[in-house]
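Using the hints, position chain B against chain A.
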Amino acid sequence: QKEVEQNSGPLSVPEGAIASLNCTYSDRGSQSFFWYRQYSGKSPELIMSIYSNGDKEDGRFTAQLNKASQYVSLLIRDSQPSDSATYLCAVNSHNQGGKLIFGQGTELSVKP
Amino acid sequence: DGGITQSPKYLFRKEGQNVTLSCEQNLNHDAMYWYRQDPGQGLRLIYYSQIVNDFQKGDIAEGYSVSREKKESFPLTVTSAQKNPTAFYLCASSIGAMNTGELFFGEGSRLTVL
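Chains as they are written, first to last, in the numbering used here: chain A, 1 to 112; chain B, 1001 to 1114.
Extracted from the complex, chain A is given alone in its bound form (with noise of 0.2 Å):
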């Protein structure tokens, strides 16, 4: 089992519907849990960031995390074509003295 894991898609969804972007992680312990974006050829960028149970919101960001469900997701509403992106799922691990660890990605394709 991967230590992170993302579905590697592609999601497509249409311009202005919400995007839910899903990452599962094995390591109970972990306690800071990190969405970057990725475009194409570029490097990722940090885009919302979720610590504790609930749901965090930063404009037409929403992450959500459930421990008990070791789950951490990302919505994106009214979705644009400038999201389009692969979206990386990051964990810090408990068990590997707090280093992060990434899923390898979801690809978002926002159609016009």
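Just so you know, not all the hints are guaranteed correct.
Derived pair list, reagent style SDA-like, types lysine to any residue, alpha-carbon separation capped at 20 Å [stated by the list, open to error]:
(1) A/Lys2 / A/Ser109
(2) A/Lys99 / B/Thr1112
(3) A/Lys99 / B/Arg1044
(4) A/Lys56 / A/Ser73
(5) A/Lys99 / B/Gly1101
(6) B/Lys1057 / A/Gly98
(7) B/Lys1057 / A/Asn95
(8) A/Lys99 / B/Arg1110
(9) B/Lys1083 / B/Ile1060
(10) A/Lys2 / B/Gly1003
(11) A/Lys56 / B/Glu1102
(12) A/Lys42 / B/Thr1112
(13) B/Lys1071 / B/Thr1086
(14) A/Lys99 / B/Ala1061
(15) A/Lys99 / A/Gly41
(16) A/Lys42 / A/Glu107
(17) A/Lys99 / B/Asp1054
(18) A/Lys2 / B/Gly1040
(19) A/Lys56 / A/Tyr71
(20) B/Lys1009 / B/Glu1102
(21) A/Lys99 / B/Ile1060
(22) A/Lys67 / A/Ser49
(23) A/Lys56 / A/Arg77
(24) B/Lys1009 / B/Phe1088
(25) B/Lys1057 / A/Gly97
(26) A/Lys42 / B/Ala1061
(27) A/Lys42 / A/Ser109
(28) A/Lys42 / B/Phe1088
(29) A/Lys42 / B/Gly1003
(30) B/Lys1083 / B/Glu1102
Only some residues are given here: those of chain B computed to face chain A with a beta carbon under 10 Å [to be verified]:
(31) Gln1006
(32) Ser1007
(33) Tyr1035
(34) Gly1040
(35) Leu1043
(36) Leu1045
(37) Tyr1048
(38) Gly1058
(39) Phe1088
(40) Thr1100
Hints are computed from structural coordinates only; laboratory data are not their basis. Bear in mind that the values here come from a model prediction, so they are computed numbers and not experimental data. Each residue gets a CB set at the ideal place from its N, CA and C atoms; glycine is no exception.
Here is chain B on its own, set in the frame of chain A:
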């Protein structure tokens, strides 16, 4: 503007050659990292350094070497011992120790072995 500068952006190497990728930051960050990204995969940690003159191996350090002689600089050498070096290499930094999770990335260096 503060940031992380990687060079070169594109690099071609013949088999058996060592190459060095440059990474310079002016963010005054303590920690620096090197990641490798292969198509359709996440980032894998090669080396990291939390302080000058000290660095630790990541998950895939074999065939790579680094140095941290200055706070601003963390060059990566891809040696001929690296079996499959063609990849996208990303340098990153963070204000504090690694477990903050908040990394700032350079633009990356794409290495191709001919």
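- Item | Violated constraints from the hint list, given by number and in increasing order | 1, 2, 8, 10, 13, 15, 20, 26, 30 and 32
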